[in-house]
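Asks: Sequence:
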Amino acid sequence: MIFEEIFRPLIERADEALACLLMGFDGLKVAAAAKPGVAFDLELMGAEAAAIVGQLGRASFAEQFGRTEEVVFRSAKTSILLRAVSPEYFVVLVLRPDAPVGKGRFLLSLIEPALARELG
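Numbering-wise (the working numbering), the sequence shown opens with residue 8 and increments by one.
Rather than coming from a laboratory, the hints here were simulated on the basis of the structure.
Just so it is clear, the structure is predicted and the values come from calculations on it, not from any experiment.
Be aware that a few hints might be false.
Taking CB as the label site, the calculated pair distances span [as the list claims (entries may be wrong)]:
1) P94 / P43: 28 to 36 angstroms
2) R15 / P107: 21 to 29 angstroms
3) Q71 / E95: 20 to 28 angstroms
Mimicking DSBU-like on lysine-lysine, the simulated pairs with C-alpha atoms at most 35 angstroms apart in a straight line are [unchecked claim]:
4) K84 / K36
5) K84 / K42
6) K84 / K110
7) K110 / K42
8) K36 / K110
Glycine included, every Cβ here is placed at the ideal spot set by N, Cα and C.
The task is simple: from the sequences and hints, build the whole structure.
Replies: Structure below.
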């Protein structure tokens with residue numbers, strides 16, 4: 008699938024990147040790519056991320072401040088960057104826990120034009 012072809016170079020070339028997923032706000036995974044040996048359930052992670060982003064979108068502050076565009080989660084094992092790429096889809100970038108979030112934002116900026124073209 009074309010989205011895996013977009014994600015694969017990012018995952019292979021950036022030491023900080025562990026996995027990248029394209030998710031629908033409905034919780035369904037569209038595409039994913041991960042480094043070999045990544046030991047977490049990408050399907051479940053994506054579904055949980057969609058639920059969290061959906062809740063943020065329905066929160067009362069959304070009316071006042073606008074739609075959530077980006078969310079960052081940091082834990083002992085990973086840093087996770089969620090970014091809306093269209094009204095229907097968002098990208099999940101899973102980084103090593105010591106990776107700077109700014110690097111994750113930069114990595115996503117590299118693939119956003121290709122995602123925008125494909126999502127049309």
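Asks: Look at each hint and say if it fits the structure.
Replies: We went through each hint and held it up to the structure:
Distance hint for P94 and P43: a CB-CB separation of about 33 angstroms, consistent with the stated range 28 to 36 angstroms. Roughly 22 angstroms separates the CB atoms of R15 and P107, a value that falls within the hinted 21 to 29 angstroms. Checking the proposed 20 to 28 angstroms range against Q71 and E95 shows it holds: the Cβ atoms sit about 23 angstroms from each other. Taking the CA atoms of K84 and K36, the gap is about 22 angstroms. The hint holds against a cut of 35 angstroms.
A distance of roughly 15 angstroms separates the Cα atoms of K84 and K42; the hinted pair therefore holds under the 35 angstroms criterion. For the proposed pair K84 and K110, the alpha carbon gap of about 17 angstroms is at most 35 angstroms, so the pair holds. Proximity of K110 to K42 is assessed by CA-CA distance (about 17 angstroms); at most 35 angstroms being required, the pair is judged to hold. Distance check on the hinted pair: K36 and K110 sit about 24 angstroms apart at the alpha-carbon level, within 35 angstroms; holds.
Consistency note: the structure conflicts with none of the earlier hints.
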